[in-house]
Amino acid sequence: MRAWIVLLTLLTVSTAAPTAASAASLFEERSPMCLQCHGEKGVSETPETPSLGGMTPQFLLIQLYLFREGTRKVELMNEMAKGMTDDDLRTFSDFIAKLPPPPPPAQQGDPARMARGKALSEQNRCGFCHNPDYSGRDQMPRIRNQREDYLVKSMREYKNETRPGYEPTMIEVLRPLNDADIVELAYYLAHVR
Amino acid sequence: MSLTISVRRRLLAGTVSALLLAGLPALAQQPPADPPAASPAPTMPAPAAPAPAATPAPAPAAAPAIPPGSPLFGRPNSESAAKLAPVAPPPIPTAAEKLPLDKLKVPAGFKVEVYASGIANARSLREGDKGTVFVGARLVDKVSAIVNKDGKRTVKVIASGLHRPNGLAFKDGTLYIAELSKISKIEKIEDNLDNPPKPTMIYDDLPKDEAHGWKFIAIGPDNMLYIPVGQPCNNCLPPDTHAQIRRIGLDGKGMEVVARGVRNTVGFDWHPTSKEMYFTDNGRDWMSEDVPEDELNRITKVGQHFGAPFCYQGNVLDAELGWGKSCSDYEKPVSLMGPHSAALGMRFNTSTKFPAKFKNTIFVARHGSWNRSKKVGGDVVAVQLDAKGNVKSVEPFMTGFLGADNNYVARPVDVLFMKDGSMLVSDDFNGAVYRVSYGK
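Same order as they appear, the protein sequences are chains B and V.
Reminder that position 125 of the first sequence reads as 125 in the numbering used here, one-by-one numbering, no gaps.
Reminder that position 53 of the second sequence reads as 246 in the numbering used here, one-by-one numbering, no gaps.
These are computed hints drawn from the structure, not numbers from a lab.
Positions of the beta carbon are idealized from the N, C-alpha and C atoms, including for glycine.
Among the hints, erroneous ones may be present.
What the hints assert, rightly or not - Ranges of calculated distance between the beta carbons of each label pair, as one might list FRET restraints:
1. V:519 x B:137: 37 to 43 Å
2. V:517 x B:137: 38 to 44 Å
3. V:275 x B:104: 20 to 26 Å
To be verified - Within a straight-line C-alpha distance of at most 30 Å, the following computed DSS-like cross-link-like pairs (lysine-lysine) qualify:
4. V:276 x B:98
5. B:153 x V:291
6. V:276 x V:304
7. B:73 x V:349
8. V:446 x V:494
9. V:291 x B:82
10. B:82 x V:349
Chain B extracted, bound-state conformation (with noise of 0.2 Å):
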C-alpha cells in the first residue's frame, strides 16, 4: 500500500515538471520516497522491499543505474530513477550508504534451521565475496539481517534468470540451489547474529 502511494505521489510530481527540476529539488522530492519504502533507519517494512542499510554506495550506484536503464525491472524503482541524470544517481547512493546497517530480528532463529542455512552458505561460499559476516563489499551487496522474504525474491530472480544482474556471478551461483535451499539460506542470512 505504502508502495502504491509512493508510486502516485512521484508520478504526478514528475510528470508535473519533468525536465525542469533542478537536481536540489529533485532530492528534496525524492529522497523521502526511498525512506518511506526503504525505512528511515535502514530497516524496511515494507514487503519484498530491501532493508538498504550498511549498503555500500558502488553497490547502490549500480542499482540505480540499472533502474534507471530499466536493465533491472521493478516499475516502481524504474519510475523512482527516471529523469536522473549520472549525478542524481551519485547523490542518491552517496545519501542511501549513510543509512546504518539493520540489527539482527528481536527473535532468534530457529535452531535447527540456521544451522542448515549456515551449512548450505558454508557450502556455496556466500561470505567469500560478501564477507564472513555478510557485510558485504564493493558492488556486493550486505545480506545480512536483510528482509527474509527480500532475499527469497533476489535469490529465485537471479535462479530463474529474470534478473540478470550487473555482473553475471549470482546466476553462477544459484545455478546448483533448489527452491527449498533457497528458503532456508534466506531464513539463516536474515537471522544471523
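For chain B, the structure is supplied; the task is to place chain V on it using the hints.
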C-alpha cells in the same frame, strides 16, 4: 487513459507477475554433467559470535564440497584469497576532463588522445565503411556509434534494450551485433544513424549461460561470421555445445565448429598474409597466483582442440579435470599472455603509418587481472611474429592502466586499426575510447 488508471494498471500487472514469480517452482536446472572429484572442503570461520540460544545449534560437519560450476570453485579459504573478487567497473562513464590520459604511456614517437568519452562500459570496436566507429558493451544494454561529421565527433546510442551486446562485426554496410545468445544485424546502418531500425536476428541457436556468455565476433577472410561459446563456468566439464568457436554464413546458416577446448576467447583476428586465425583465451581462476597463464592460440586446421578444461597453457593439467589426460593431446598456445591477465581484444596491425617494425604485429589488450594478489595486465602488448607465424616476442606497448598502488585507473578491452592509420583502444572502466597515432 488518465494517469491514475495507467499507473494502477501497471501496478496491478507488476503485482500479478510478482505473485506468479513467488509461486513459481524453482527452475530445475541440471548442473554440468560429471562433477569433478571433490576438492578438500575448506573450513569456514563462524560468521559471527555464536548466538546465546537456549538449545545450541548442532555444529555442522566440515562444509560439503562446493558444487561444480560455481565461480568460486577452487578458491582457498585464506585471507589473501578473500581479498580477491572481480573488479566491477562503475556504470557511469568518467567525464572527459577527468580521464587518466596523462597516465597512459606509449613508445617515443607515438601519442595518445581521447577519441571519445561518455560511452558507458565501452568494449568491442568496429569501423564502418564511412568512418563511423561502433562500440559494444557488456554490462549495459546499448551499442553506441561515434559519428564523425564536419570535423566533429558525437556519440549516439544506435541500439538499446540488448542483453550484453559485447560483440560487433561490420561488412558491406551492415553492422552485426552479438548479444549473449543471439546474433542480429542492422543493414545500411551508416545511412540511418539518426533513426536506426531495430536489429533483425540472424542466428540464435546459442546457449543462454551467463558465465562467459558475452561474445566477441568477427568476419573472417572466408566471409563467415565467427562466434565463440565460452565454458559456462570457471572450471567444469562443459557440454558439447560449449567451449568452442563456431562459424556461420552471414545469412545465419551453415554452422560449423572450428575449434574446441576454448575456455573463453574475447578476441581474434586473421593474419594479413597467411590468413590463419589467432585468438586469445583466458585461463581458469583459483588454481594459483601464477598458473595458468592466458593464451594466444593459432588455428591451423578446423576442429583443433586447445585443451580447456583439461590442460591449460599447453603444459599444466587441471588439478581436478586433468586426471587421465595428457597435454600432448591438445594444441599448444603460440604464446603465454600472463597469469589471469585477461588478454581480450586483439588485431593485426594494418596501419601504414606505424613504424615498419610493427608490420603484421598483433596488438592485444590485456584487461588486467582480478584473481591475483599483485595485479598483472592493464596494458596493450605488441606480439611480434616471425615469417612462419610463430611468436618472437611480447612487449608492452601502451601501459599505465594499472597504477603502482595495484588499482586500475583504466582498463583496455579492444583495439582497432582505423583506415587513417591510427589505433583506437576502448576502456570499459571509464567508458572512453583513446586514439594512438604515430608521427606528427
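Comparing the hints with the structure gives:
1. V:519 x B:137: 37 to 43 Å: Hint holds: Cβ distance 41 Å, inside 37 to 43 Å.
2. V:517 x B:137: 38 to 44 Å: holds (40 Å)
3. V:275 x B:104: 20 to 26 Å: holds (23 Å)
4. V:276 x B:98: Judged against 30 Å, a Cα distance of about 24 Å means the pair holds.
5. B:153 x V:291: Violated: residue 153 (chain B) and residue 291 (chain V) sit about 39 Å apart, past 30 Å.
6. V:276 x V:304: Between residue 276 (chain V) and residue 304 (chain V) the Cα gap is close to 36 Å, so the pair fails against 30 Å, i.e. violated.
7. B:73 x V:349: Given pair residue 73 (chain B), residue 349 (chain V) holds - Cα atoms ~24 Å apart, limit 30 Å.
8. V:446 x V:494: Measuring from Cα to Cα gives roughly 21 Å; hence the hint holds.
9. V:291 x B:82: holds (26 Å)
10. B:82 x V:349: It holds: about 20 Å lies between the C-alpha atoms, which stays within 30 Å.
Consistency note: the structure conflicts with the earlier hints numbered 5 and 6.
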